[in-house]
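Dock chain B against the given chain A, drawing on the hints supplied.
Each protein sequence line maps, in turn, to chains A and B. Reminder that position 112 of the first sequence reads as 112 in our numbering, one-by-one numbering, no gaps. Reminder that position 3 of the second sequence reads as 3 in our numbering, one-by-one numbering, no gaps.
I should point out that these hints are in silico values taken from the structure, not numbers from a laboratory. It is possible that some hints are incorrect.
Any copy will do: because identical chains look the same in the list, a pair fits if it lies in one copy or spans two.
[Claimed, not checked] Only pairs whose alpha carbons sit at most 30 Å apart, straight line, appear in this in silico DSSO-like list of lysine-lysine:
(1) Lys143 to Lys49
(2) Lys170 to Lys49
(3) Lys45 to Lys69
(4) Lys53 to Lys150
(5) Lys150 to Lys49
(6) Lys143 to Lys163
(7) Lys83 to Lys109
(8) Lys150 to Lys109
(9) Lys69 to Lys53
(10) Lys49 to Lys119
(11) Lys45 to Lys143
(12) Lys49 to Lys69
(13) Lys49 to Lys163
(14) Lys143 to Lys119
(15) Lys150 to Lys163
(16) Lys83 to Lys45
(17) Lys130 to Lys83
(18) Lys130 to Lys45
(19) Lys83 to Lys119
(20) Lys130 to Lys119
Protein chains: 2
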Amino acid sequence: MKVFSVFFFLLATVVAASHGSQDSSDSSCLSWRFAVEANNIRGWKTVPKECEKYVGHYMLGYQYRKDSKAVTDEAWRYVNSLKLPRDGRNIWIFDVDETSISHVPFFSKHGFGTEPINKTLAYEWVNKSKAPALPESLELYRKLLSLGIKVVFLTGRDEEWRKVSATNLKNVGYHTWEQLILRASSYPTNATVESFKSNEKRKLEEIYGYRIIGNIGDQWADIQGIHRGNRTFKLPNPMYYAP
Amino acid sequence: MKVFSVFFFLLATVVAASHGSQDSSDSSCLSWRFAVEANNIRGWKTVPKECEKYVGHYMLGYQYRKDSKAVTDEAWRYVNSLKLPRDGRNIWIFDVDETSISHVPFFSKHGFGTEPINKTLAYEWVNKSKAPALPESLELYRKLLSLGIKVVFLTGRDEEWRKVSATNLKNVGYHTWEQLILRASSYPTNATVESFKSNEKRKLEEIYGYRIIGNIGDQWADIQGIHRGNRTFKLPNPMYYAP
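Chain A extracted, bound-state conformation:
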């Protein structure tokens, strides 16, 4: 059936010829980004060196904004279609880093994820509480509050960062929350982000009696595992991976 085996090759050639040549490195980095965002490539340590420019343009440009908005718009469409019991038990989980606030100002000075994170410099940056809000997430946050849904921030940051985290969130417009959950020092150090977050979500539902209506994060570890919520939303993040 040779006629079929050459089908794709011919089509691709014809289309490429009629649309001019693509930047080969950009299209490879787009493929890498797709593979990362759809949870195909896991456990990666740094962004491929050849994708530094691509990821930089993406994070600083309109596409990252548009991609984020496509996700938060869908979250809003979903939640707005629900008939929720008005019993004060409805919550929405927000991750913090690269979901509620952004470290692009930091990563833009450090190769957009192509370099291993320098912890000293990163802690210095976080300690300033100056990370800007993700505009689309902030808008979703405000809309959820207007529906009477309570917000819980759930972050893998250590408990010692509570004050810094709360200050940063408030600084950029996240003025209120039901809970701000950080990782207690008593929590096993070898536990993954996914197991820590799953366990905290289980407690929210089983102990506190909340109903997790939605759950948004930039890492698959934020939105997988048990008690993940009725719907989950994955924001883009091609800069780093949390196991």
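Relative to chain A, chain B alone:
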């Protein structure tokens, strides 16, 4: 903290100015595609009309090939790193439509997913057994066989399509398999693809004693649920959604 709230707007403006204007519809369709592939937009019926050209170029061009290869390359890296017991129990699950074989020749004549699928015409097309192989999936299939891993095809197609499906798979190079599982007519008609496939995967592990090493499909329904396998791989498909 106004200085932060305008951060992204300014950056986006500067970057856009220095890189020329983007095709706004293409970038919106790329956002839609990202939202679909990362499982944010679910249960959609047709591709947005304004994305017909975008999806057509994508499916016929190099990007679809590259995106598929990024996924199958990662699958190969993963499986090649394993030390598998040589007991004949290792299997890899392949979905059929848009994973092993492609219906681009059909969809290219029907608006690339922007039109509701005409079942009469679609059945006519499938009945011909002439869908070409996805080249990257066929290559992965061959490499898995060379490692001694057995392949199971698991499809939501009805049992009555067994002969047509087997003929098509063999025609394009999938010469052998451990099982080809279709949806028996006794299976509840209101059951989702995810529940049907999860149940079949459970049987493969619990009744037949296989070990699902990997699982590849173009729909989230292929790779979610129970007994999904040690690793799952999501191929792109911006043409249709299986609930």
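Exercise. Which numbered hints are broken by the structure, listed smallest first?
Worked result: 2, 4, 5, 7, 8, 13, 14, 17, 19
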